[in-house]
Every structure is written in structure tokens, then in C-alpha cells.
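Asks: One letter stands for each residue in the lines below.
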Amino acid sequence: MIVAPMQSFAEILIVLILATAAIIIMKRDMGSLIKTYAAQSFLVAVLALLFFVETGGLSLLALAIIFLVSKVLIIPRFMGRVQKKLNIKRDVQFHFLSPITALIASVFIILFVYLSFAPLIAELNRFNSSLFFLGATVGISTVFMGMIVIFTRKQTLTNIVGYLTMENGVVLFSLFLTELPLLIEFLIIIDLIMLTLIATILAFGIDSTIEEFHARLNPFTSLNKETERKDEEED
Amino acid sequence: MNILLLVVYGVLNVLFVLFVSPLFISIIKKVKAHAQGREGPSVLQTYRNLAKLLKKETLYSQNSSWIMRATPYVNMAALLVASLFVPMLVLPEPTNLLGNVIMFLYLLALAKFFMALAGLDAGSTFGGMGSSREMAISALIEPIVIVVFAALAFAYNTLDIPQMFSGALASSVLIDPVIALIAISIFIIIIVESARVPVDNPETHLELTMVHEAMILEQSGKNLAMMELSSAMKQMLLMGVLINILVPWGLTADFSPASVLISLGAFLLKAVILAVIIGLFESSCAKSRFFRLPGLFAIALFLSIVTLIIEVFA
Chain U
3 MIVAPMQSFA EILIVLILAT AAIIIMKRDM GSLIKTYAAQ SFLVAVLALL FFVETGGLSL
63 LALAIIFLVS KVLIIPRFMG RVQKKLNIKR DVQFHFLSPI TALIASVFII LFVYLSFAPL
123 IAELNRFNSS LFFLGATVGI STVFMGMIVI FTRKQTLTNI VGYLTMENGV VLFSLFLTEL
183 PLLIEFLIII DLIMLTLIAT ILAFGIDSTI EEFHARLNPF TSLNKETERK DEEED
Chain B
850 MNILLLVVYG VLNVLFVLFV SPLFISIIKK VKAHAQGREG PSVLQTYRNL AKLLKKETLY
910 SQNSSWIMRA TPYVNMAALL VASLFVPMLV LPEPTNLLGN VIMFLYLLAL AKFFMALAGL
970 DAGSTFGGMG SSREMAISAL IEPIVIVVFA ALAFAYNTLD IPQMFSGALA SSVLIDPVIA
1030 LIAISIFIII IVESARVPVD NPETHLELTM VHEAMILEQS GKNLAMMELS SAMKQMLLMG
1090 VLINILVPWG LTADFSPASV LISLGAFLLK AVILAVIIGL FESSCAKSRF FRLPGLFAIA
1150 LFLSIVTLII EVFA
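The listed protein sequences correspond, in order, to chains U and B.
Counting in the working numbering, the first sequence runs from 3 upward without gaps.
Counting in the working numbering, the second sequence runs from 850 upward without gaps.
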């Protein structure tokens, strides 16, 4: 069982994860969106590490290391590079909800998750402590908040950040309620890296302007145009 | 005996706030200057400015009324009383007189209200503009301030600020998880209330951006000194709330010189660190557009409402 100071430290980490999810909903600046995601993953990794210290389960240590390498280092680096290449600095277009309404909506979501979990938690809770209740609800709330990011933002890169936030929420939930086998967690991470790779490559097509994309697709078109113009002048 | 200790506490706390608050303004300026690659003014510069202003003649516009004359004194008085409410070094024994959080907020609101009136009073365009902007920002931030302090009151089960601090002091390391959330909200409130960068720029007198500076543009001499000192005090009081809620270590209920000295050292250390953080935060972001500000406030509101949810249901 988790001792008191550890428990309050874990609770602080959990609420900070919720705070980073709120910041991801609000932020318009691409660079800081990706940095906030990295910070969120770091918090999840620290949480896993804390659980390892407490319970001594080696799979938790492995999980923390995998998170640190993949979600704090590789994925944000890669997305940062893609963002620089795409030359998108801000994401200022929104569907359906403005960031502020999205944030207020997420307050209601958290409330809803809390209320709907309250009767269930006694059945699922392995350790019967308030920490697990908090962690599980914040995990599910984070999933929903990631979903809000996906459907309110127009830029594909931001949607990917939303998707990754959802995944962080699932990890948080699984840390607290059910313990997935390490192999499955590992495969999920690999899937995640592949998916981010593919999605960012697709983002090149979706997010870059049509002119740019066209120029990249047909590198010789501009040459052709020049020769055509020369031909016309000669005529 | 009890009354005597209370008087000692009051004098100590008010003098401490009065004389130390300009220091943090200078430290923030210094950090910002270093971030921009400049040397920056000495940390004593704010004191020198205040001393210079105190010696200068006070001029009033012909169109101004008694409001212009009364505002600096009202501001100063409100802040002096408010500084009785936030124990910086020593915790007083609980009384019903001092420390009510609602009273504290209303004192700050009173000072702000008179400042906005004085901005309008002289009839200059800039003053009116500053007042209208300040009121628009206040209307947005005030509900958030109330929710944040309500969450604090709920977390510590009291409306009394010194009792909140002693609650924070008594609980274990890093206390409640929700305090982390409240701390972020209070940080945003400090930024807004002390007119710092994403909301207002304290350095410029550019008509496009100034809010706080526009309101005190018509003040001069001694009155200007009082206005500047009172805004420095307001910043320090809010910083004190944040520090003593989040990291109350060193705060003491003991009036012996040794423990007061330890408390003084600890507070100065923590406050200087906080001032450096505020300076770095200010340097890291640009002044945002007026209509984007609600976004910043919404984060504070979200965090404080989540605090309430967690406190009520968990």
C-alpha cells in the first residue's frame, strides 16, 4: 500500500497531468503544444516510476523508461522537426467550440466522470484508496479532453497531439485500475510511434498549402512553365 | 499580553510589507533586463525613485475633483490594512478581527475602484482608456479570484487567512494535491493583478498597451509615489499568499527574535525565487491581445473549479 507522503506526491502529479491537458486545449502555439505534451508524458513516466518505488514491480520500471525514451524524447522531437519543416507556428482555427467553451465543457466532463465512476469504483478499485479513484477519473477525463482537442482543432498536427493526450489518459487509467501485461504496453508504444510517424507524414499533405505541396510533388513543373513562357516569347 | 502580541504582529507585518515590497519590483525588472541581455537598474532603483517622487511637488489638473486628491490615500490605507491580513513572517493568534479573506479581497477591490475613478477624474483620454480596460479585466478576473479563494477556504475549512497558513504549515510536505492547482491559479492572479506582461506591460507608456500606467498617468509627486508603492504592496501581498500556502516552511507562531529572523530569511529567499520566476515568465511571453486574455483567465477558472470538484467529491 502507498504511504502518505508518496500518496500526496502522486496526487499532485495526477492533478498536474489534468492541468497540462487543460493547457493543451487552450494553447495556440505549436511549439509549446508539443512541449506541453512532452511535459505531460514526463509526469506520467514519473508516476510510473513512483509506483515502481512503492510496489517494486519491474514492469513498472520498464514502462517508465519506455515512456521517457519514446514519449518524452522521440515523439516530441520528431513532431517538432515536422512542425519546423511544415512551417506552421500557430493553430488558430477551431471547429464547434472555442477553447474557452471547450475548457468549460471539460469541467462538466470531469464532473460527469466523477459522478458516474462513484458507484463503480468500489467494484474495480484494487486498493480501495482515494488515490486510485482520483487517478482513474483523471485518466478518463484526460481521454475525453484529448478527444475535444481532436474535434475542435483544424490543424492535423494539433489533432495528433490530441490523440497522444488521449493515449496518455489511457495509460493513466491503466496504471490505476487494471495492470496490462508489459508486452501489450510495449506494443502499444511501438504502435504509437508508428502512428505518429505516419500521421505526421500525412500531415505534410493535409497541412501544407496546396501550392507548396504541388511544388513538392512535381519538382519540374516550374521548369516547364519557364520553358513554356520562353517559347511564347519566342513566338 | 495577547493584545500586545497582536500589536507587535501588526506593526511588524505592515512595516515589513511597506519596506520590502519595492525590492521585488526591482528584482523582476533586473531579471527581465538580464533576459534581454541588458545590465538593468540596481535593485535599489525602485527605492530611489520613490524617494525622489516623495520630494517632488504634487500637481493637480484644473478639472480634477477631490477624488484625485483622495485616491492615493485611499489606496495606501486600503493596502496598509490589507497587509495586516496576510502574515508574512509570524502567525498571529486567531482573532475575528483580522484575516477574513472576503474582507481582504474587498480591500483590494476598493483600492482598484478608486484607482479607476481617479483615472477618469482628470478627464484625460488616456486615463479613461486605462480605467475602462482595467474594469474590463477586473470584471473577468474577479469571479476567478473569488472561486480560487473559495477553493482555498474549502480546502482548509476556514475563511481566515492566518488559519489557512497555519493549516498549510501543519499539514505534511506538499499537503493536498489541489494546492498545486490553486498555486497555478494564484500565480495567474498575481500576473493579472500586478499588471504584468501577458495582460499589461508595466514598462511602457505606449497608448496601445498600457492599462495600469494609463490610470496613474495624471498622478504626480508624493501621490504617484503612494500609487506605485501601493501597487508594489499589492503584488507582495499576493506573493505572500502564494508562498505561505504552497511552501509555508519557516513561517512561525513564535515571537522570539531568533525564530522571527529565521522566518525572515526563509521568506526573503522564497520570495526572491518567486520574483525571479515571475520575471522569467514575463520575459518568456509577449503581451497578448486584449481579447485573448480570457483564455489565460479560463485556465485559472478551470483549475479552481476542478479543485472544488476534487475537494467536494473525493
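Be aware that a few hints might be false.
[Said to hold, decoys possible] Derived contacts from chain U toward chain B, CB cut-off under 7 angstroms, selection only: (1) Val17; (2) Ile111; (3) Ile203; (4) Leu204.
[Unchecked claim] Lysine-lysine pairs mimicking DSS-like chemistry, simulated, CA-CA at most 27 angstroms apart: (5) B:Lys1136 / B:Lys905; (6) B:Lys879 / B:Lys905; (7) B:Lys879 / B:Lys901; (8) B:Lys904 / B:Lys1136; (9) U:Lys37 / U:Lys87; (10) B:Lys904 / U:Lys86; (11) B:Lys901 / B:Lys1071; (12) B:Lys904 / B:Lys879; (13) U:Lys91 / U:Lys37; (14) U:Lys37 / B:Lys1071; (15) B:Lys881 / B:Lys1136; (16) B:Lys879 / B:Lys1136; (17) U:Lys37 / U:Lys86; (18) B:Lys881 / B:Lys901; (19) U:Lys91 / B:Lys901; (20) U:Lys91 / B:Lys879; (21) U:Lys37 / B:Lys901; (22) U:Lys156 / B:Lys1136.
Hints were generated in silico from the structure; no laboratory data involved.
For every residue, glycine included, the Cβ atom is placed at its ideal position computed from N, Cα and C.
Asks: Give a verdict on every hint.
Replies: Checked hints:
no., hint, verdict
1, Val17, "holds, 5 angstroms"
2, Ile111, "violated, 11 angstroms"
3, Ile203, "violated, 31 angstroms"
4, Leu204, "violated, 29 angstroms"
5, B:Lys1136 / B:Lys905, "violated, 32 angstroms"
6, B:Lys879 / B:Lys905, "holds, 26 angstroms"
7, B:Lys879 / B:Lys901, "holds, 20 angstroms"
8, B:Lys904 / B:Lys1136, "violated, 34 angstroms"
9, U:Lys37 / U:Lys87, "holds, 17 angstroms"
10, B:Lys904 / U:Lys86, "violated, 55 angstroms"
11, B:Lys901 / B:Lys1071, "holds, 9 angstroms"
12, B:Lys904 / B:Lys879, "holds, 25 angstroms"
13, U:Lys91 / U:Lys37, "holds, 13 angstroms"
14, U:Lys37 / B:Lys1071, "violated, 47 angstroms"
15, B:Lys881 / B:Lys1136, "holds, 14 angstroms"
16, B:Lys879 / B:Lys1136, "holds, 19 angstroms"
17, U:Lys37 / U:Lys86, "holds, 14 angstroms"
18, B:Lys881 / B:Lys901, "holds, 23 angstroms"
19, U:Lys91 / B:Lys901, "violated, 46 angstroms"
20, U:Lys91 / B:Lys879, "violated, 30 angstroms"
21, U:Lys37 / B:Lys901, "violated, 45 angstroms"
22, U:Lys156 / B:Lys1136, "holds, 25 angstroms"
This entry does not satisfy hints 2, 3, 4, 5, 8, 10, 14, 19, 20, 21, going by the numbered hints stated previously.
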